[in-house]
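Participant: Sequence:
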Amino acid sequence: MLAAFAALDVRYLGNERRARDVYDQVADDNSVVPLSLKGLATKSGSSGKWYYPSRYATWSILYFYGPLALVGGVLLVVALLSGPAEKSGASNLCGERSSQQR
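In this note's numbering, the protein residues as written are 37 to 138.
Derived by calculation from the structure, the hints in this document are not laboratory data.
Yeah, the Cβ is synthetic: ideal placement off N, Cα and C, and Gly gets one too.
Be aware that a few hints might be false.
What the hints assert, rightly or not - Pair by pair, the computed Cβ-Cβ distance ranges are:
hint, residue 1, residue 2, range
1, ASP60, TYR99, 22 to 32 Å
2, ASP60, ALA40, 55 to 65 Å
3, TYR59, PRO120, 53 to 63 Å
4, ALA121, ASP60, 52 to 62 Å
5, ALA55, GLU122, 35 to 45 Å
6, GLN61, ALA115, 44 to 54 Å
7, PRO120, ARG53, 13 to 23 Å
8, ALA63, VAL114, 31 to 41 Å
9, ASN51, ALA93, 14 to 24 Å
10, ASN51, PRO120, 43 to 53 Å
11, ALA121, ALA93, 14 to 24 Å
12, LYS123, GLY102, 51 to 61 Å
13, GLN61, GLY108, 18 to 28 Å
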């Protein structure tokens, strides 16, 4: 689940970067007609596809999703090593004992 959100974030940030580049082209040298979005459709990105591993090495992805994955992994290992929860002889919320304990 975390990897899916990281992939969506990488895709979004790549699209945002392309849109900023088109805005800079329109604002600086008018090489793209304003409001045509032609530059967005023709520009493929600077460093390859959105799913390449190099896209995940940016600070915004690595420093956000890295600690989340690390903490999630540690919690998973702790949960697996602790074993199943023990049943106690406590009564249920209404104060009645369950039928298995009678």
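Participant: Please go over all the hints and tell whether each is borne out by the structure.
Facilitator: Consistency of the hints with the structure:
One distance hint, 22 to 32 Å for the beta-carbon pair ASP60 and TYR99, holds here, with the actual separation near 26 Å. Separation of ASP60 from ALA40 is about 31 Å and departs from the stated range, judged on CB atoms against 55 to 65 Å. At roughly 56 Å, the beta-carbon separation of TYR59 and PRO120 lies within the given 53 to 63 Å, and the hint holds. A hinted range of 52 to 62 Å holds for the C-beta pair ALA121 and ASP60, which are about 57 Å apart.
Checked against the hint of 35 to 45 Å, the C-beta distance between ALA55 and GLU122 comes to roughly 55 Å, which is inconsistent with it. With their beta carbons about 51 Å apart, GLN61 and ALA115 fall inside the hinted range of 44 to 54 Å. Here the CB-CB span from PRO120 to ARG53 is close to 48 Å, at odds with the stated 13 to 23 Å. Separated by about 52 Å at the C-beta atoms, ALA63 and VAL114 break the suggested range of 31 to 41 Å.
Checking the proposed 14 to 24 Å range against ASN51 and ALA93 shows it holds: the Cβ atoms sit about 18 Å from each other. Judged by the Cβ atoms, the range 43 to 53 Å given for ASN51 and PRO120 holds: they are separated by roughly 45 Å. Take ALA121 and ALA93: their Cβ atoms lie about 39 Å apart, and the range 14 to 24 Å is violated. With their beta carbons about 38 Å apart, LYS123 and GLY102 fall outside the hinted range of 51 to 61 Å.
Between GLN61 and GLY108 the CB atoms are about 41 Å apart, so this pair departs from the stated range of 18 to 28 Å.
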